[in-house]
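Student: Given next are the chains, with one letter for each unit.
2 protein chains.
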Amino acid sequence: MNTRKRKTPPQTPSAADYLIASRQCELMNLQYFLQMGKLVQTISNLVHGLQRERGASNVFLGSGGEKFAQERKAMVADSEQLATLFYQALSEVHGELTGHTVSSHLLNHIAAALHGLEALQSLREQVHNQALTAAEATDAYCSLIHNLITVVFEAADTVADPSIAGLLVAMVHLMNGKEYCGQERAAGSAGFSSGAFDSALTQRMMHLVEAQERCFDVFFGFADDESKGLWQALRAHEREQEIERFRQLGCSVGRYKTLDPELADSWFSLMTERMDALKEVEDAVEGSFHARCVERFAEARNSLAHQETLIASLDGQEQGPKPVLVLCETAGESGTSQAGETWSSEGVSQQFGRSIFDLVQEQSRRLQQMQDELQSAKEALEDRKTQEKAVLLLMESRGIDNDQAHRVLRKLAMDQGRKLPEVARALVSMADLLK
Amino acid sequence: MNTRKRKTPPQTPSAADYLIASRQCELMNLQYFLQMGKLVQTISNLVHGLQRERGASNVFLGSGGEKFAQERKAMVADSEQLATLFYQALSEVHGELTGHTVSSHLLNHIAAALHGLEALQSLREQVHNQALTAAEATDAYCSLIHNLITVVFEAADTVADPSIAGLLVAMVHLMNGKEYCGQERAAGSAGFSSGAFDSALTQRMMHLVEAQERCFDVFFGFADDESKGLWQALRAHEREQEIERFRQLGCSVGRYKTLDPELADSWFSLMTERMDALKEVEDAVEGSFHARCVERFAEARNSLAHQETLIASLDGQEQGPKPVLVLCETAGESGTSQAGETWSSEGVSQQFGRSIFDLVQEQSRRLQQMQDELQSAKEALEDRKTQEKAVLLLMESRGIDNDQAHRVLRKLAMDQGRKLPEVARALVSMADLLK
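For the record, the sequence lines run as chains Z and H.
One point on numbering: in UniProt numbering, the residue at position 392 of the first sequence is 392, and numbering is uninterrupted.
One point on numbering: in UniProt numbering, the residue at position 298 of the second sequence is 298, and numbering is uninterrupted.
FYI, nobody ran anything at the bench for these hints, they're computed from the structure.
Among the hints, a few may not be true.
Any copy, or any two copies together, can satisfy a pair, since identical chains are not distinguished.
[As the list claims (entries may be wrong)] 27 angstroms max Cα-Cα, derived DSS-like pairs, lysine-lysine:
(1) K385 to K228
(2) K411 to K73
(3) K67 to K411
(4) K378 to K419
(5) K67 to K228
(6) K389 to K67
(7) K389 to K378
(8) K279 to K378
(9) K257 to K389
(10) K67 to K378
(11) K257 to K38
(12) K279 to K228
(13) K378 to K228
(14) K38 to K279
(15) K38 to K419
(16) K67 to K419
(17) K389 to K411
Just so we're clear, the structure is a prediction, and the values are computed from it rather than from any experiment.
Could you put together the complete structure from these sequences and hints?
Tutor: As structure tokens, this is what we get:
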């Protein structure tokens, strides 16, 4: 097994040692994400459980304790079970997580998520005692779920393999979109059961629909074919038209007309079905992610073994002649990938030296290419951070709430005919200038 | 000692555990750079030794083996010694280097540098036997030195502490500028000893002067006060005017007039003195870097101990009441730093829960602020990569050499009235589009 860390340094470090170490490092990254995949899976399941629990708690509170009392209990028991699995996965990956020198953000986000889970028991008691409103309970669940999803976003930040990074980006945007869908379910339930939608609620519904669509767009841009197929089937399902009809109904009714409160149940069922269908797509992406990790890990291990054999044979051959002199292009400053294009063949054994050097060059090119390919996945992750930052800035500077800040940002983008991430970036960079 | 990695996961992971882990992770990062500092120091020294050796080899080859034969031998012995110290430092940091899952680039750059060092013996033999030209020898040394400096650039990529990152950016840009100065010495020596500067040589000199200035600007923007003072003293030294006079002389003489070849010795001495003075500034930055690492490490360790005490006392108090319920702002989606601004005080012990939650929030804010402050250092590093990429693109697409590509880039920047990194970024992003 080549993935073990070489804790004993070589007596005199050689290029071959570090070339191997570079490959081993890639393998470690893949192994890390094989393990992180399990954690992500338990987060995906726990989030789904909490979304169900949140929905049931809402109906329970909204009905004055009449509806969903039993269902809620069963869902709480499910969530407890899912939380235990999350704790287990976290324990399994604990050594890897805390062994990095660059994961303080990730660890602190885990702390925030765990803190939310620790407070869950007390939240449930308050729901049981009907000691808070449906809106208050929703907010508390939202915060916890947000913290859990943020853990996955942070985890995605350190993937080195582009195909794996893409699937993780697809996964986490789907999770995020599904969470907006859950928030839309809650907002719609509040409207339909009260029989009216005031303008704040209408705007919130519109915000949540748009936010979902943006997330799903990113998901679709990075997903594998199977998940895309499932997603398209979900979109083609008649339930989507039905939901759209409800949305129209809610948003057009205004605050004075009233709707039949019975609609609330149908809305809730439709959106619950939709979320379950989204979870199926999520599971498919998760499956592809895992399969890709296994596949890439096996490839990288074989490739490492191949390199080791190659280097061992070169080592044997090189006992005789000294390593080759490498002459690089004239200026000698433009990047390692330039070096070695000109070769001196004077007095040295060119063949073998060139081979070892070629391996280092090849690794340079591979890593560069991977980094280039990673770019778009990194940008998708960066876009989300920038948007959150822009929203926060607007909230602080204008004293507006989250929904309003999102609206301001969207309006800016529309008015200027630019994309939302672009506008968010401009806003953040201007704020830096004005500080 | 709190820096040990917690390999045994906690039974049930808690927010407090991960908050501590997040702080420990920062501490590990600082410890890593304490060790990396030693490696950087040995690289700085080795590069200086190789620059001296390159200079002596040049004069030796240029004089047909008449000059600097003994000096060169002494310098080779010095470099051998410095290489041994570099190998030692590398061995000491080997475990840390290979324990990361994100350092495959760094490891491969080390492999490239080691490969260059392995070929050094054969290069020296060729110099000794006068089996290559001064230009060929210069190129080989340039390539090796470039690879060594790139190791420092790559190492700087993973610093998490902004003040440390800034000093490392200052250090590596000074190293890079000094290397351009060394290349200018070689180019000037070639011109003065031949008695003439053709237009390619003149342009190369101008390129090297400009490239130095750019590096020194970045250095000055990030350096500590002591190093800045040394730098300003160096600039105010009369040697600078003298060098400027030589530059003017070389560049204005053209290819038909001839200069007194004796000027070559004065030029060589002047530039050698300048490089030794630059090395003193480099040592000062290195000293500040080390001091800052020690200081930040002690601070972080104290701060961690303080947190641990605080959390332990909170743990004790929290045996009784359950953790608090956290209610977040309405939409529950805008980032963890929002959560917890509204608090429910119903039926739960607010005081203690708030304290633990506050610690997590405070850590979030700290990390975010550090990341914001890191921005400019990261950008300086990114700028260099982008410029190398842009130069490479130009070389490939136009079939021109490194100097010419730099000139094209500079001309673009001047024509458009934009900064060089900006033009390089635009070029690279356009190339991505046109692929």
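Student: Now, for every hint given, state plainly whether the structure supports it.
Tutor: Hint check:
| no. | hint | verdict |
| --- | --- | --- |
| 1 | K385 to K228 | within (25 angstroms within a copy, 36 angstroms between copies) |
| 2 | K411 to K73 | neither (43 angstroms within a copy, 71 angstroms between copies) |
| 3 | K67 to K411 | neither (40 angstroms within a copy, 73 angstroms between copies) |
| 4 | K378 to K419 | both (17 angstroms within a copy, 25 angstroms between copies) |
| 5 | K67 to K228 | neither (36 angstroms within a copy, 72 angstroms between copies) |
| 6 | K389 to K67 | neither (39 angstroms within a copy, 63 angstroms between copies) |
| 7 | K389 to K378 | both (16 angstroms within a copy, 19 angstroms between copies) |
| 8 | K279 to K378 | within (24 angstroms within a copy, 38 angstroms between copies) |
| 9 | K257 to K389 | neither (38 angstroms within a copy, 62 angstroms between copies) |
| 10 | K67 to K378 | neither (45 angstroms within a copy, 55 angstroms between copies) |
| 11 | K257 to K38 | neither (49 angstroms within a copy, 74 angstroms between copies) |
| 12 | K279 to K228 | within (13 angstroms within a copy, 58 angstroms between copies) |
| 13 | K378 to K228 | within (21 angstroms within a copy, 36 angstroms between copies) |
| 14 | K38 to K279 | within (16 angstroms within a copy, 51 angstroms between copies) |
| 15 | K38 to K419 | neither (34 angstroms within a copy, 46 angstroms between copies) |
| 16 | K67 to K419 | neither (44 angstroms within a copy, 65 angstroms between copies) |
| 17 | K389 to K411 | within (17 angstroms within a copy, 36 angstroms between copies) |
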